[in-house]
Amino acid sequence: MADNELAPKFAPFFGMAGIAFAMIFGCAGAAYGTAKSGIGIAGVGTFRPDLIMKSLIPVVMAGIIAVYSLVISVLIVGDVKPPPNTYSLFEYVLSLFRPFAAMENAKDDSSGFMHLGAGMSVGLTGLAAGYAIGIVGDAGVRSYMLQSRIFVGMVLILIFSEVLGLYGLIVALIMNTRTN
Amino acid sequence: MNEVVWRGGSGKTSEAALTGPASTREKSATRTSTPKTSTSMTSRIVSTEKNLLEKDDRDDRSPGASEKSNIAPAVPAIVIYKLLGFTLAMIAGPIGMYFLTLDTIFHGNSTWAGATAALTANVVLIAYVIVAMNEDESEKREAAQIAKKGQ
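Line by line, the protein sequences give chains R and A.
Each residue of the first sequence is one higher than the one before, counting from 1 in the UniProt record's numbering.
Each residue of the second sequence is one higher than the one before, counting from 1 in the UniProt record's numbering.
None of these hints come from the bench; they were simulated from the model.
Hints are supplied without guarantee of correctness; some may be wrong.
[Said to hold, decoys possible] Restraint ranges, calculated between C-beta atoms of paired labels, are given here:
no.: 1; chain 1: R; residue 1: Ala17; chain 2: A; residue 2: Asn134; range: 41 to 47 Å
no.: 2; chain 1: A; residue 1: Ile80; chain 2: R; residue 2: Ile24; range: 29 to 35 Å
no.: 3; chain 1: A; residue 1: Thr87; chain 2: R; residue 2: Pro82; range: 33 to 39 Å
no.: 4; chain 1: A; residue 1: Glu142; chain 2: R; residue 2: Gly43; range: 52 to 58 Å
[Said to hold, decoys possible] To spell it out: a stretch of chain A is covered by chain R in this simulated footprint if at least three of its residues, at any positions, have a beta carbon under 8 Å from a beta carbon of chain R; those stretches are:
no.: 5; stretch: 87–96
no.: 6; stretch: 109–121
These figures come from a predicted structure and were not determined experimentally.
Note that the Cβ used here is the ideal one computed from N, Cα and C, for glycine as well.
Produce the entire structure from the sequences given, and follow the hints as far as they go.
Structural data, given as structure tokens:
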């Protein structure tokens with residue numbers, strides 16, 4: 001495999017770093033959201049057990065953050081292939097450097113920096129969204145115990161927190177599209 | 001005599017000790033009911049006395065020891081099935097939809113398959129919110145029915 005500027009041997013490192021970023025940060029956010037709102041639910045459940053079912057919504061939302069990270073990780077994993085496929089850092093033009101690539105059945109549709117960016121995008125927005133969901137979930141369910149009208153507002157705030165992670169997912173999906 | 005010493009030398013008779021703070025409980029009630037008619041304060045029915053090991057089970061020390069605990073689930077089974085269903089949907093739904101639609105609908109375009117997976121996760125969330133709201137309403141209806149019956 002020819003070593004050149006745009007497809008060095010360490011290029012797959014960045015793709016795998018993207019996978020790790022997506023899962024680590026996304027799951028950190030989801031874990032914080034689940035744990036923090038879980039504390040609130042445990043506090044509410046001792047006084048008003050009938051509200052537990054509705055109070056579990058922040059936990060479900062935090063779970064979705066992890067699903068976003070999972071989706072992006074699976075997408076990147078599908079693109080990181082061993083040789084004879086080339087894995088470039090960015091926009092590696094196959095025909096220019098490897099005229100016989102088609103005969104080797106090699107595909108050139110990956111770029112490490114894009115995958116790193118996609119993973120960080122979904123991972124760090126997931127961290128932000130999970131943090132917001134945790135705090136809003138904790139305070140929200142405690143308030144809901146005392147005032148039932150809070151519920152709609154709480155769900156709305158949770159949705160807006162959740163959308164932060166969704167934005168990261170959309171950007172990551174677009175970045176992933178650019179690689180192939 | 002042994003018993004009196006064991007209770008810290010307080011000088012109580014066993015009769016008084018047995019009808020202690022837990023005298024309303026079933027055990028001690030049956031024990032004390034028989035001698036009341038025929039005995040004075042000092043006489044005892046030896047067979048009903050407990051040995052040292054059994055005294056650990058005294059009602060005033062562990063009030064629930066003689067009763068059967070209620071270990072039936074506090075949450076109705078339907079709620080548990082609902083939660084299990086949503087858990088399963090959350091685990092298997094999105095990633096399953098990704099691999100299902102990847103080759104069948106989107107012909108290898110992983111971006112759309114990924115978007116479908118994210119959409120599926122949100123569908124599960126919306127379904128959960130709807131189910132949670134409905135449960136609240138059904139509980140209200142049940143409460144109203146019980147109130148009607150009570151009148």
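Which hints from the list above does the structure break, by number from lowest to highest?
4
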